[in-house]
Amino acid sequence: MKSLISVLILVITTVLLYFGWPVYQFFAFNLQKVPVLASATPLPAGPLPYQADHAPGHATFATRAEAILNTVRAKSNAPGISAAVAHQGQIVWQGALGYADIATHTALTPEHQFRIGSTSKAVTATLMAKLMQTQGFQLDTPLSDSLTPLPNPAWRDITARHLASHSAGLPHYKGNEDLLGFYHSLSLSQQFDRVQDAVALFDEGPLRSAPGDAFYYSSYGTVLLSAVLAQHAQRPYLDLLQHYIFKPLGMTRSGAESVADKLATFYFNRRGQDTQYIPWRAVNLSHRLAGGGLISTPGDLVRLGSGYLDPSYLHTDIRAQIWTPQRLNHGEVNPQNYALGWRRHEYQPDDTPLFTYYHHGGVSRGSQSMLIVVPEHQLSVAVNINSKTKPFRTFGQASLLLADAYVQLTAQAQRDVPDNPLSAASSTASLPAK
Numbered sequence: 001m002k003s004l005i006s007v008l009i010l011v012i013t014t015v016l017l018y019f020g021w022p023v024y025q026f027f028a029f030n031l032q033k034v035p036v037l038a039s040a041t042p043l044p045a046g047p048l049p050y051q052a053d054h055a056p057g058h059a060t061f062a063t064r065a066e067a068i069l070n071t072v073r074a075k076s077n078a079p080g081i082s083a084a085v086a087h088q089g090q091i092v093w094q095g096a097l098g099y100a101d102i103a104t105h106t107a108l109t110p111e112h113q114f115r116i117g118s119t120s121k122a123v124t125a126t127l128m129a130k131l132m133q134t135q136g137f138q139l140d141t142p143l144s145d146s147l148t149p150l151p152n153p154a155w156r157d158i159t160a161r162h163l164a165s166h167s168a169g170l171p172h173y174k175g176n177e178d179l180l181g182f183y184h185s186l187s188l189s190q191q192f193d194r195v196q197d198a199v200a201l202f203d204e205g206p207l208r209s210a211p212g213d214a215f216y217y218s219s220y221g222t223v224l225l226s227a228v229l230a231q232h233a234q235r236p237y238l239d240l241l242q243h244y245i246f247k248p249l250g251m252t253r254s255g256a257e258s259v260a261d262k263l264a265t266f267y268f269n270r271r272g273q274d275t276q277y278i279p280w281r282a283v284n285l286s287h288r289l290a291g292g293g294l295i296s297t298p299g300d301l302v303r304l305g306s307g308y309l310d311p312s313y314l315h316t317d318i319r320a321q322i323w324t325p326q327r328l329n330h331g332e333v334n335p336q337n338y339a340l341g342w343r344r345h346e347y348q349p350d351d352t353p354l355f356t357y358y359h360h361g362g363v364s365r366g367s368q369s370m371l372i373v374v375p376e377h378q379l380s381v382a383v384n385i386n387s388k389t390k391p392f393r394t395f396g397q398a399s400l401l402l403a404d405a406y407v408q409l410t411a412q413a414q415r416d417v418p419d420n421p422l423s424a425a426s427s428t429a430s431l432p433a434k
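Numbering (full-length UniProt numbering), first residue to last: 1 to 434.
Please keep in mind that the hints were generated in silico from the structure rather than gathered at the bench. Note that this is a predicted model, so its numbers are computed, not measured. Possibly wrong hints are sitting among the right ones.
As the list claims (entries may be wrong) - No more than 27 Å apart at the CA atoms, straight line, and that leaves these computed lysine-lysine pairs for DSSO-like:
| id | residue 1 | residue 2 |
| --- | --- | --- |
| 1 | 390 | 174 |
| 2 | 247 | 75 |
| 3 | 262 | 247 |
| 4 | 174 | 33 |
| 5 | 75 | 33 |
| 6 | 262 | 33 |
| 7 | 75 | 390 |
Given the sequences, and given the hints that come with them, work out the whole structure.
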């Protein structure tokens, strides 16, 4: 009898540890409510390694960009920061400062891949745009007609427009009332090979509002959108990304994390409050690919942004639909000025004329991302770090600082011809590490 009780206790303890450990780790790494049970290490002593290259005529901007990276990295306490700038469809500068891996003293390079979090939504919106352009995909077809079988009858009146603009009424991760799905979104240990299978994590809960009535930011909505797109095209979601986005735009370092070949190590440091770093726990983000699970590099992301500035890739009428902030049923634009997978805002720093930019940031496990596109200046800027910050703008401002610096130098170049600061001697060779 005693041996049976001992076995039962062992089984119960094993089950509790198996299911409870991922929950504990979520509370430790994400909520910082309990200690992270791992040792932390500082950055290696000495100057941070730096690698960069720039197009001819951009030496002055490259110097200013390096200074911006140093400032933002110091404020965010990130182990490493990587960024790229594209102008008129060409990458004119890219640079990486700090470490891809602290334990091995591996310097970060522009080729290192990052988790891009919700910047994945802009990628998914681009796929939707391409299907609108090439396959007649309709934004306002209800799911009752576009997704069969319909996983939840409450979803019948939801459209792709609702899903892409966060007005479908679906919950975000922590609002999921499908308990098993909620657990999986915490544990992050299950592999989902099809986006359609990931929909099962949230297909039993009620809507928070009627479609179109309110704005509720929901990554699950983008996951559901990816299932609709895959069914429309009759091809897997990742195959569609490769065919319509990654291959034509030359985004060779983007996709699912499972195929990454040069992934940075991601770190916990209390959202930028510490200068001691713990590698982020192992996670599987395959359930949220379309809404927050892709990986990329700044160079690839600015190629995506540049695609929006190329009418041969994306027609201007399609781009206008994707970039138009959406109105709710009451007639007002949603409170985040959210369009379809992108936000639209304006920026006016000192001494620079106001410009409109389209953007999407991302926060993932031990990583952050920001992509902006400035059509007026034919500019695309992306920045990534391998840790998290609070608030996000501590990191996110880097993209606007880089854009503003480029705009200012371009304006000065136009005023000062032939004394053109963008014409300083330069080359595409990497700058020396510092």
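Next item on the list: Check each numbered hint against the structure and report the violated ones by number, ascending.
Entry: Of the numbered hints given earlier, those the structure breaks are 2 and 6, listed in rising order.
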